[in-house]
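Participant: So you can see what is in the structure, the chains are spelled out below.
There are 2 protein chains.
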Amino acid sequence: MADHKLCMIPGPVEFDPLVLKAMSTPATSHVDPSFITSFGNAIRLAKQVWLAPSGQPFILSGSGTLTWDMTAANLVEPGENVLVVNTGIFGDWFAECLSVYGGKVDQVRAAFGDIPTLAQIETALKSKSYKLITVTHVDTSSGVLNDIKAVAELVHRVSPNTLIALDGVCSVAAEEIRMDEWGLDVVMTASQKAIGVPPGLALMVVSQRALQVAANRKAPPTTYFASFKKWLPIMQKYEAGQPSYFATPPVQLILALEVSLNQFMKEGMEKRFAKHVEASKKFKQACARFGLKIVPVNDKVAANTLTAIYYPEGVQGGEILKSLSQAGVVVAGGLHPEHNTKYFRVGHMNVSAVEPELGHIDKVISALENSLKSLGKL
Amino acid sequence: MADHKLCMIPGPVEFDPLVLKAMSTPATSHVDPSFITSFGNAIRLAKQVWLAPSGQPFILSGSGTLTWDMTAANLVEPGENVLVVNTGIFGDWFAECLSVYGGKVDQVRAAFGDIPTLAQIETALKSKSYKLITVTHVDTSSGVLNDIKAVAELVHRVSPNTLIALDGVCSVAAEEIRMDEWGLDVVMTASQKAIGVPPGLALMVVSQRALQVAANRKAPPTTYFASFKKWLPIMQKYEAGQPSYFATPPVQLILALEVSLNQFMKEGMEKRFAKHVEASKKFKQACARFGLKIVPVNDKVAANTLTAIYYPEGVQGGEILKSLSQAGVVVAGGLHPEHNTKYFRVGHMNVSAVEPELGHIDKVISALENSLKSLGKL
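Chains as they are written, first to last, in my numbering: chain W, 943 to 1320; chain C, 943 to 1320.
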């Protein structure tokens, strides 16, 4: 499209042309042999992308939010304790979702732009018995990155029966996640972030341990559509090359997912992680050069998938967003209700990060530079 | 695609090229002004297609199954009575979904291929107080059509407080439905049927009366993703031309939905209903000519969106499906667990029905004729 503006928000991200092409595949039966093969491939590829050879992928119509329901409804029984490691509004919302399914939620929090310390989490974990701990890997509202590896080590040490759920919506397939090696039980995401597929898929991989916990529930979950029990045989059948029906799978989105995940694995996840670090560094260095302050309090807690940047003093947020848009670049405003007028967000995921030759990051940097100059801030 | 086989199953159906083109729209922010307009249009168009000017559309990532959860979770409280008018396995499954949310489900049933009588339904309605009655308009497993207009009249007469929910998955935008005029409270569907959009959208329109019932619940629903309360402000905001966030909307699917619904309204719903009747009649007449018996016991209870056909005696189902596939036509096997080896199903919806010049119905008829001849059955 001639008038297409570069979509540099923290999802939906820019998509590869072959992924978009798969989106317009003509009508295909969800039990067509070619689709069964593709769905099976997507399930197998998800295990590779998540670095979770022993995990069980779930791929269904929905969004990242639906994966919260799946986690909460299947793994938490009414009255059980859940600990939420909160670094922004996605932590608040996940906590609300867990409560809806009867979870008794405690939260460890940090100031805006920071992450809770391991000591805080350890104290909480020792205070009572938690069925589940949830961590937002990258809170899309703040651009803050939690150290899930360290949190997982801590949980395994001090509360080994607590299941570990990672909200990886703005991180899976970009930030380093080694699901099996780190002993994570649930890693959730959505298609429109670093997965590189238009929005419409809820994606998660679940450990065998968590599947067992769900299978051994005292009472069935209060959900039909988000039930592991309904979807597990579907995923197992398609992976085994057989059709099965619970709800019609989103054929075109799953074909697009197969294309995208295949592209990742051609390069390998290690390279993909490294390239996201590289792209993020390049963009953050430019921000520093322009005298812009980012929301995360230090580099260690800053996500590689997006950057949340405070507006320069005296600048109305709308002015920067507008001039970037006029330069053909779409970025996102702030999202945290207490701070949303003070900062904006730039996503740098998927092709924009792993194919620097496309010049997406360069274009944002240059548009931002021009915008700041025109506002007299550079 | 050169090797594309005509997809004549009861969904996914064949799609219009402009709908498919919208599916591959490049990355677009869910708060982009152009998308806000399109989403608002889709919401307004849904009211027109459903003939429900006073209704409230919900358009979200999911499938038809998710609309069951939304209906059950928001409109039924634990312990309340629900009456399911059952004409096939989709009735069985909806009943199961209602039970998951605490509904006490009674069912009125008919023999395979028939619908329960109004007298049966009336007796049930008078036996106790029902919060909700559900009717599968067209059961995709049997090709049977319920007379929702008559059922609605009956309910309004003998049990006026009972909410009326229509599972319109294989009927909305093809079978005659006058939601406002007939006083229906919920009319559900999915994108991949007569709506003419690839699978991935859960679609429903809810009456103001049902929204009130949901708003006045004694206890909140045990769902987060399927909660009316979460989605209602989103739908209202987008319709009013403002962005709002609960979960990322499936941008490309919604753009495709706008294209498809727009096409319907150019022709008008009356013509669209009539053309589906016409296409169905043409196909069923051919079946009769070939000596094939259809599953519905008479024409009055036969759907216009698909035809379920018994295999001729002595013919293995696989033989017909295989020879049709070799002729470039994909149809579906039986789905009802007790009868699935005895019949097959042919969908005739969307462009295949309303654009006879495409020759889709002719191609199926001719492929079926050749198949029967080669099997010595014609």
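Watch out, some of these pointers could steer you wrong.
Same chains, same names: a pair is fine if it fits in one copy or spans any two.
Claimed, not checked - As a list, the in silico EDC-like pairs of lysine to aspartate or glutamate whose alpha-carbon atoms are at most 20 Å apart:
no., residue 1, residue 2
1, K1305, D1089
2, K947, D1304
3, K1235, D945
4, K1179, D958
5, K963, D945
6, K1171, E1038
7, K1315, E1212
8, K1208, E1064
9, K1208, E1311
Hints were generated in silico from the structure; no laboratory data involved. If you're wondering where the values come from, they're calculated on a predicted model, not measured in any experiment.
Participant: Each of the hints needs a verdict: does it hold here or not?
Facilitator: Each hint, compared with the structure:
In this assembly of identical chains, K1305 and D1089 lie within 20 Å of each other by CA distance neither inside one copy nor across copies; the values are 30 Å within and 59 Å between. For the identical chains of this complex, K947 and D1304 are intra-copy neighbours only, at 14 Å inside a copy versus 44 Å across copies, given an alpha-carbon limit of 20 Å. Proximity of K1235 and D945 under a CA criterion of 20 Å is satisfied in neither setting, with 31 Å inside one chain copy and 55 Å between copies. For the identical chains of this complex, K1179 and D958 are neighbours neither inside a copy (29 Å) nor across copies (31 Å), given an alpha-carbon limit of 20 Å.
Taking identical chains as interchangeable, the C-alpha atoms of K963 and D945 lie at most 20 Å apart whether they share a chain (19 Å) or sit on different chains (16 Å). In this assembly of identical chains, K1171 and E1038 lie within 20 Å of each other by CA distance solely across copies; the values are 13 Å between and 23 Å within a copy. Taking the shortest Cα distances, K1315 and E1212 never come within 20 Å of each other, neither inside one copy (38 Å) nor across copies (58 Å). Within a single copy, K1208 and E1064 get their C-alpha atoms no closer than 39 Å, and across copies no closer than 62 Å, so neither meets the 20 Å cut-off.
Taking the closest pair of Cα atoms, K1208 and E1311 never come within 20 Å of each other, the shortest separation being 35 Å inside a single copy and 47 Å across copies.
In summary, the numbered hints that this structure violates are 1, 3, 4, 7, 8 and 9.
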